[in-house]
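**Student:** Since chain C is already given, all that's left is putting chain V on it; use the hints.
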Amino acid sequence: MVYYGQVIPSSSPPTFHWEVHLLTGFSRYYSKTDLCPAYAIAVALHPNMKLAYFHEEWAAKPDWIAGAVESIDHRWHESYRGYSTAHADERVVEEQEAGVEEGYPLSRWDRKRLALNQDNENVDMMGRFQQDPPLKERVTDVIQYWFGKSMDSHWRDLAKMALDYLTIPAMSAEPERVFSAAKLSLSDRRCRMGDDAVEALECLKSWQRDGLIAASRQDVKAMEDMPHALCQEDPE
Amino acid sequence: MATTKNAIAHLRSKHHVGPNGIITAGTSTYQQTIEKGFGQTGPRIVFNIDVFKDLLLQWIVQMNVSFHVCEDTTFRSLCSYLAACQPDYSGVYRALPQSGHAIKCYVLTWYDAMRQEVMLQLHATHTKIHFSFDMWSGPNRRAYQAIVAHWMAHDGQLHAVLLSLHRFKGSHSGVNQAEHLWCTITDYGIEPFVGMFNVDNASNNDTALATLAQHLQAGGFPSFDPVSARLRCFGHVLNLAVKAIIWGADIEAFEVDMNAAQDELAELLEWRRKGPMGKLHNILTCILKTQQRRDEFTNVVRRLYPTETVHTVFVGNITRWSSDYESILRAFRLREAIEDYVRTAIRQNRNGERDIRNDNGLVHDELLPEDWAFLLCVKDILAPFKEWTLRLQVRYSNGCVADILPAMDELLVHLEDLKVQFAEEPHLLTMINNGWSIMDK
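These protein sequence lines are chains C and V, in that order. Start counting the first sequence at 1; every next residue gets the next number (the working numbering). Start counting the second sequence at 1001; every next residue gets the next number (the working numbering).
Isolated chain C, as found in the complex:
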C-alpha cells in the first residue's frame, strides 16, 4: 500500500521545487508508516475511530484504505483470531478457578454459556467490531476500554490484539527521562562512580518511580496507613 505516494501537485509554482519535497520527503514518511502496520491497527481498534476513520478521512485514496484494511486483517488472522481457543485448556481452568474462588461453582447454565462462547469464536469479532459505527461518546482511556473487554471471552482475542498495539509508546521520550535523572546522580562530585553503581541506581530509581517495586514490608505499610488525625498539630 502506498500512502500519499500519489500526491503530486500538478499546479505547483515551479520555483519552489515542492514536487521534489513531496516525493522525497512526505511520501517517504507515509511509506515508512506503511511499513509499520501498527499505526493503522491502532486507529482501527480505537472505538472512536475504527476503520470508519480511513473510509472517511482517506475517502479520496481508496488504495490506501484497501492497504490498511489488508494489513489489519492479515495481523488479525495470522496472530490473534482464535488465540484463546488455541489456549482453551488454560482458559477453561482459569474460568473455573475464578468461579470457584468467588464461591460460585459453575452451574449447568454457566457451562452451557462457556460452550456457547467457544462456538462464538467462529464469529469474526474483528468484523463484528467494525460493523458497528464508531462510538459516539468519547473514550478517553482506550487502554482501559479494551482492558475491560479482555475479561469477556467474546472479545478476548480482539482485546489482546488491541492491547498489544495500543500500549506501544508513540514517542521514545522515556530514555530521555532516564538521562535527565542520570544527569542528577552523576553530579560533578560523583563523576567517577562505577558503571555498575550507575546502572543499579538508575534502574532502582526508575522502578520505584513507576511503582513497580513498592515498600512491601508490613511495618512500612502500616506506618504509611496511619490515620491522618495523628498528623495534627500537637494540642499542647
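What the hints contain is simulated information worked out from the structure, not anything from laboratory work. Built from N, CA and C at the ideal position, the CB exists for glycine as well. Some clues are possibly wrong.
[What the hints assert, rightly or not] In the DSS-like style, the derived pairs of lysine-lysine whose C-alpha atoms are separated by at most 30 Å in a straight line are: (1) Lys1104/V to Lys183/C; (2) Lys1386/V to Lys61/C; (3) Lys1289/V to Lys183/C; (4) Lys1053/V to Lys183/C; (5) Lys1419/V to Lys61/C; (6) Lys50/C to Lys1386/V; (7) Lys183/C to Lys1386/V.
[Stated by the list, open to error] According to the in silico footprint, chain C covers these stretches of chain V (three or more CB under 8 Å from chain C): (8) 1074-1084; (9) 1115-1124; (10) 1134-1145; (11) 1154-1166.
**Tutor:** Just chain V, lined up with the frame of chain C:
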C-alpha cells in the same frame, strides 16, 4: 511529603516525641488522640534495622544522595540524636553503615534482589513488551545506552521502566547496539514477549533491529519482523518538521554550515540569511549573551510592562521540542521591550556609547513591522504542531500510537490550507513546503 508526615506521626504515636520534646505518656491530650485513632490495640511498629536500611537506601537512590552521606558527621549526629532520645532507636546508630563503600554494596545487593522481582513482573505481562532505547553521553564523558520496557500488567496497570543503563564502549553502530539489546532481553528472559520498538530516526537503529531479529531467530523466535516492528518517535518527527519550517528543509546541512562558520560574524550572517526568524534569533542571542545585557533587558521589560511576570526571552534550541515556537510566543509577549531594546542599542551605537564590536550586528537585525507580521504567520503555522506534541504527551506519558495517523492527517490538512492562504507569499510557502518535506525523517 506524606512520608515525612507519617514519620512525624510515627514519632508521636510510637515514641511520644513532639516538637517540644517528649510528650509525657498518659497526661497528654495527644495520647488520647492516639488512642482514639488506633484504639488500644492499634498497630505497634517496632524499630527494625532492615526497614531502616531499606528506607535509607530508598532516600539515597531517589534523592541522588552521595553514598558518603553516612560518613558525614552532621548526618551521623542527626541519627545519634534519634538514638539518644529513644532507647528503641539505639539500633539506628549501629545500623548506619560506616562508609560510602558499604552503601554502594547495599545498593548493588538491593538492585540484584529487585531485578528478580522485576523479572517476575515482566514474565506476568498481559501484553507484548515494547521497547524504546537511545544513546547518551553522560557528564562523565562516558557513553550509555538506555533500554526502557513498556507493557501492561494483568491488573491493567501500564508500566514504563528502565531495564538497563549500560556503559557503552566502542562504536555506536547498530550491530553493537543490538548486542546489548539482546543481552538485556535474554537476561530478563523476555524473548517470547518482544513487541515493538519506538526509537528515533537514526539509521543505525534499522541495523540494530535487523541484527536483533537475527538473534531472535537463532533463539527460536522467527516471527519478529524488524521492519514492521519499528516505530519512529513521533515527537521527533514533529520537531524536525518544525525545524524544517523555520530553518529550511535541509536542517542538518544548515547545522553543518553553522559549525563551519569560523567567527561570530559569519555565524550572525548565517542566521540572518534565514529572514525574520534569523533576525529574531540574533536579537535574542545578543540579549542573552551577557548578564549585564540580560539585566538591561529585564529593566526595559519592568518599565514597559509593570504587571508582567516574565522578564526574559529565550532562544529555541535544536533538540528541544517546540522550543522555537515557545521562543516566538515569548517574543510576542515582550515585543515592545525587544523593539525598545534594539532601538536603544542602535541609537547608542551610532552615538558611540556602546561597545561597537559586540552590538554592531543589531543594526541589521532590527525587526520591521513586516517582519513581525511574518513572525505572526510563522506562529500560526507552528501552533498545531505544538498542540499535537502536548496532546501526545498528556494522554499517556509516552503518547498513544492511535493518535499518530490522525495527527499526521490533521497537520497535512493544516499545511494544505496554509498553502492556499499564503499562495502569494513565496517565503512562507517555501517554509510550509519544507515542513512537509521533513515529515519523513
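**Student:** Next step is simple, just say for each hint if it's right about the structure.
**Tutor:** We went through each hint and held it up to the structure:
no. : hint                  : verdict
1   : Lys1104/V to Lys183/C : holds (18 Å)
2   : Lys1386/V to Lys61/C  : holds (28 Å)
3   : Lys1289/V to Lys183/C : holds (25 Å)
4   : Lys1053/V to Lys183/C : holds (25 Å)
5   : Lys1419/V to Lys61/C  : holds (21 Å)
6   : Lys50/C to Lys1386/V  : holds (26 Å)
7   : Lys183/C to Lys1386/V : holds (27 Å)
8   : 1074-1084             : violated (count 0)
9   : 1115-1124             : holds (count 4)
10  : 1134-1145             : holds (count 7)
11  : 1154-1166             : holds (count 11)
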